[in-house]
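For the record, the sequence lines run as chains A and B.
Going left to right, the first sequence walks through residues 1 to 424 as my numbering numbers them.
Going left to right, the second sequence walks through residues 425 to 723 as my numbering numbers them.
These are calculated hints, taken from the structure and not from any lab test.
Cβ coordinates follow ideal geometry from the N, Cα and C atoms, glycine included.
Worth double-checking, as some hints may not be accurate.
FRET-style restraints, in silico, Cβ to Cβ [unchecked claim]: (1) A:Asp259 with B:Gly529: 44 to 50 Å; (2) B:Tyr701 with A:Ser257: 46 to 52 Å; (3) A:Ala69 with B:Leu539: 35 to 41 Å; (4) B:Met456 with A:Glu215: 41 to 47 Å; (5) B:Gln714 with A:Gly135: 57 to 63 Å.
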Amino acid sequence: MDIQARAYLPRIAALALAGASFLGVSAAQAKEITIWCWDPNFNVAIMKEAGDRYTKTHPDVTFNIVDFAKLDVEQKLQTGLSSGTADALPDIVLIEDYGAQKYLQSFPGAFAPLSGTVDYSGFAPYKVELMTLDGEVYGMPFDSGVTGLYYRKDYLEAAGFKPEDMQDLTWDRFIEIGKQVEAKTGKKMMGLDPNDAGLVRIIMQSAGQWYFHKEGKPNITGNAALKAALETIGKIMQANIYKPANGWSDWVGTFSSGDVATVVTGVWITGTVKAQPDQSGNWGVAPIPALSIEGATHASNLGGSSWYVLESSEEKAEAIDFLNEIYAKDIDFYQKILQDRGAVGSLLAARGGAAYEAADPFFGGEKVWQNFSEWLAKVPSVNYGIFTNEADLAVTAQLPAVTQGTPVDEVLKAIEAEIAGQIQ
Amino acid sequence: MALVRRAGIGRYYDVNGWLFVAPALGLIALFMIYPIAWSLWMSFQSGRGMTMKFAGFANIVRLWNDPVFIKALTNTMTYFVVQVPIMILLALILASLLNNPRLVGRGLFRTAIFLPCVSSLVAYSVLFKGMFATDGIVNSTLQAIGLVASPIPWLTHPFWAKVLVILAITWRWTGYNMIFYLAALQNIDKSIYEVARIDGVPAWARFTHLTIPLLKPVILFTTIISTIGTLQLFDEVYNLTEGKGGPSNATLTLSLYIYNLTFRFMPNLGYAATVSYVIVVLVALLAFVQFFAARERDR
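From just these sequences and the hints, can you work out the full model?
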């Protein structure tokens, strides 16, 4: 028995090898595109919709959409790219806009340029700019984080404010309203996580500035928008019109539980706001408040991400064609993901579709999507640079000093010192 | 052919022997020695992602001028200086209490104190985060029994965040160290205590003058293990602060900083390798100091 088995062993091994290579061949024929992204209710679901649409016209292409947490996607991508082996990497990966230049510059040649294929003139300019390096455009612009001021109409009405009063505010006026809302309703104006610099970024970009100059040098001590943003946060804290939150879910809890009157954040929060059906009709959306400095606007951006094709991908051509067919041309697709997921894409032509025209009963019949897409075209374009994460942590580290009343100029100096040690 | 046992240097030239250890040696070289040597080489390089250049001692110079690194180092040393002695002492006291054969239900107590050690680092961190939230169970209990007037900002105040991390790791690891002491206590001859008791040595003196000196090798061992563990502290801080080491970098540890440099920030693997070697040097230095301190008292 033993001897027999040994005699057959080479044949069994050969068969197994042949089987494996056969499987390999059939997999290559089926052309499977592997995609990494996060958020099953948003990016993953939207990519599945896109995949289904493409498979209808290209039956030979299938999709394997892998759902990770955002941090895990970034870590796996960064590990894979650093190790220099492409085997473990997907064909398409989702990258948050703040990190785009970091990946493009630290791993030259890792991502496929799409400038030859995709017509970028149809996309929101700020999205295209952040994925451009040395004249080549990499990546397919996806969702926008265009910001809005979500507010509880019922609370504000109880405090004596109509929806007209919420349009085109300044931050000082916003704080003033917040004080009255608390005096009359006992509700705080907004939830605020002191370990999250998101609001700083929103305010800063609304005035057309960022942590860095266009050419990449730190822009901290001379940055009027950042200074005004920190001052605004300090005023909000001093006026004590905020409910402190620790971490994301805690922050979401501040408005889903009805404890606060407003939310200032990116449009992708819409689905979360609408997840409370009992609050239907009580919400309105206005442009975010503006600073009172030069270049201040009511439009800004928070987050948002885009799709990138790996240069080493075996299905590179199919992956690029897929992104181009669906994300750059399919207007109907954008209507579908807006209706189903509340995703505001950055393809400007999609704004003409029916879904964008629709009124939303949750927001009391306001045409919120129309508004958001108008604000999208006005978002000031800034250079996110490659060190946004570092700068963000430096700002977060100094936020408590702002609350304790340290002069903002000193805080800015401390932030600049920390960033200078980080970016080398 | 008779087997001849060759003596002396001849044994080193025995091909068969080398063949037997070759697979293990090869694997150790490939997965241990090569990465360690390569990381040492990397610590002399700098750059962004894949574009690395030889930089000499630039990374070491950068350490001195990096306020975040200094902060992470200070935090790590604070954890080490405050937490390790508390934990070792607590484990010692618990072990000698639970070693008392007359104690009723000591199996239950031993299990209860050791149990945290079985829990996953991530799971208990997440649980602690919920318990110590502003409106979590700890604050509401403290308020209910009137110990504090307003909730303690466990996760949002730099001082309390450090206290929370120290509380968490003490809870997790005290039982682990206690088991070592319990095992060692079983090996101490009971007659030594009998003699002491007959001579009228009080309980406290028996603990300080008999138990502790007799446990010294184990104490040394657990101190070094705890030192290494504390210097490599990562999971708890990562999960309590959502990977940020906040508030104001107050809980940032060296390991978390290495992680940030590699995976969160612009990837600078060279600088991250340099910071890793800081931990290596620190562990080596502290272990040496601890050995030295223990050896001194041997005479």
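Evaluated hints:
1. As the Cβ distance of aspartate 259 (chain A) to glycine 529 (chain B) is approximately 46 Å, the hint placing it in 44 to 50 Å holds.
2. For tyrosine 701 (chain B) paired with serine 257 (chain A), a C-beta distance near 48 Å keeps the hint of 46 to 52 Å intact.
3. Under the hint 35 to 41 Å, the C-beta atoms of alanine 69 (chain A) and leucine 539 (chain B), about 29 Å apart, miss the expected range.
4. For the pair methionine 456 (chain B) and glutamate 215 (chain A), the supplied restraint of 41 to 47 Å holds, since their beta-carbon distance comes to about 44 Å.
5. Checked against the hint of 57 to 63 Å, the pair glutamine 714 (chain B) and glycine 135 (chain A) passes, with Cβ atoms roughly 59 Å apart.
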